[in-house]
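2 protein chains.
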Amino acid sequence: MEELFNSSKLLKHWPSILLGLLLALTFKYIKEYRRKRSKNVKLAGEEDIAVDFPLEDPDALQPALEEKPHVPFVQGENLNPDGARRFYELARGRRSVRAFNAERKPPINIIEDCIRAAGTAPSGAHTEPWTFCVVQQLAVKQAVRQLVEQEEHINYSTRMHAQWVTDLRPLQTNAIKPYLSDAPYLILIFKQTYGTTAQGRKKLHYYHEISTSIACGVLLCALQAAGLSSLVTTPLNCGPALRRLLERPANEKLLILLAVGYAAEDCKVPDLQRKCLQDIMVKY
Amino acid sequence: MEELFNSSKLLKHWPSILLGLLLALTFKYIKEYRRKRSKNVKLAGEEDIAVDFPLEDPDALQPALEEKPHVPFVQGENLNPDGARRFYELARGRRSVRAFNAERKPPINIIEDCIRAAGTAPSGAHTEPWTFCVVQQLAVKQAVRQLVEQEEHINYSTRMHAQWVTDLRPLQTNAIKPYLSDAPYLILIFKQTYGTTAQGRKKLHYYHEISTSIACGVLLCALQAAGLSSLVTTPLNCGPALRRLLERPANEKLLILLAVGYAAEDCKVPDLQRKCLQDIMVKY
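So the sequence lines, in the order shown, correspond to chains A and B. For the first sequence, the numbering used here assigns the number 1 to the initial residue and increments by one for each residue that follows. For the second sequence, the numbering used here assigns the number 1 to the initial residue and increments by one for each residue that follows.
In case anyone wonders, no lab produced these hints; they're calculated from the structure. Any given hint could turn out to be false.
Since copy identity is lost for identical chains, a pair holds within one copy or between any two.
What the hints assert, rightly or not - Below, in silico cross-link-like pairs of lysine to aspartate or glutamate (DMTMM-like), each with a Cα-Cα straight-line distance of 25 Å or less:
| id | residue 1 | residue 2 |
| --- | --- | --- |
| 1 | K275 | E112 |
| 2 | K253 | E209 |
| 3 | K283 | E247 |
| 4 | K202 | D271 |
| 5 | K268 | E103 |
Here chain A stands alone, though its shape is the one from the complex (with noise of 0.2 Å):
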């Protein structure tokens, strides 16, 4: 080492190497300085969704939708009288049940119902970007099961930390999953990130997430309303096996994993309480 640095020809250009380093460092930080600047420009706050996506040529612009005249708003049905009051008596029956009456099955047009009332919610420029897998055949209930619980085990002692499987214990929740092969129906939500328009071009699908998250809650309504329960999962880290699984494309990603039938008849759920009304609203 001490040989190499007094050999002659390093000691003769180390203010050149010096120089080049020093230099290479503060064009790195100028870069830096200048990404999250431009960032701080375009989004005032931390807060916002950056959208970043490639742009086609711009004399080849076309909507994903049709160009239309629009038309007179035609009032929908609601529950009056007393819709909200009556609307909320019926959601606030509902809860995360997680045992299941695995020999009473609800008929698949219940189930279609529902996902039809699911596919009515709003969606970023109207690009209904979801897709609800149904899964019955007990085979791939059990596939899927398997491969959530392989996971979960990992999830339980590796991804998640403390503070989180703390977190889970009052929900006496843990990496065994009995639901997922006893209901008789899971319906995987997924969120296309993007999709292809009629004329088979790339259909930018505008927050995909919020929008196919919205539908979700449409659905459990639904489920509610057709007197069924469900559990609600994010099974972490599942995502793209569950996908090959169902053999989805590529850009649909699993966003929610509902178990959706009738309640064991001993099911028992959580002591829970929900916030009242004045926790969560503020009046302005």
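Dock chain B against the given chain A, drawing on the hints supplied.
Same frame as chain A, now just chain B:
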């Protein structure tokens, strides 16, 4: 410069300086490599949410919820007979509306019942990570409108790329938003990225965005059940300013801005079709 380089002190210590710089760069490289590698090991796929929370003292770990024995599940209400079909008939009538009747204001108790319903949504580890800010004062609505329109002018002209603006053309939207002052209510839905336990400790909110979006889906159903119309918006880059306007704390981030009320008499809506069931549902 030359003088500086040739000064005896620098000359004497140049191998140390060079070595130091090289070591610093190597260290930085290794750190970056390990960070990337640990991410890969932890999460096998690109589709999952990386979770990286600070760990508290493991001995002091307490769940955010109280640990209580579970209780028997009681089946809630439903819309039977034909609950799923009846709910679909309700949900399919919802349309996003951009022209509101500024004279006709639903009573606040209806809005409250709708938000009560939204508050029944499931959430990660029952964290209920949402705040619904209901704006009815004209001055506040006008301030919201001004802020949003100011940003939307920049969004349409600069931040949104050409394809995005083109995709919005069939919806006939632009940076002018009369509905923000016409609608009798604006509901600004904030997700809470973290919270506080009853003991004053930091409470981690898992999947706050998905949970709050699901609650928004329930809210939309409640509004429809009450015979009200709404518009879901995600005003790009307006979150921080609106949060400050409403004096919400830093752990709350704006997710969705809803305009709520009765549709204007002459309200028109885009002539849109929804995807049919076989385009959104796959059976296994």
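Here's how the hints hold up against the structure:
For the homomeric pair K275 and E112, the shortest alpha-carbon distance between copies (14 Å) is at most 25 Å, but the shortest distance inside one copy (32 Å) is not. Within a single copy, K253 and E209 get their C-alpha atoms as close as 10 Å, and across copies as close as 16 Å, so both meet the 25 Å cut-off. For the identical chains of this complex, K283 and E247 are inter-copy neighbours only, at 12 Å across copies versus 47 Å inside a copy, given an alpha-carbon limit of 25 Å. In this homomeric assembly, K202 and D271 come within 25 Å of each other (Cα to Cα) only across copies, at 22 Å, whereas the closest approach inside a single copy is 48 Å.
In the homo-oligomer, the alpha carbons of K268 and E103 lie at most 25 Å apart inside one protomer (18 Å), although the nearest pairing across protomers, at 48 Å, exceeds that limit.
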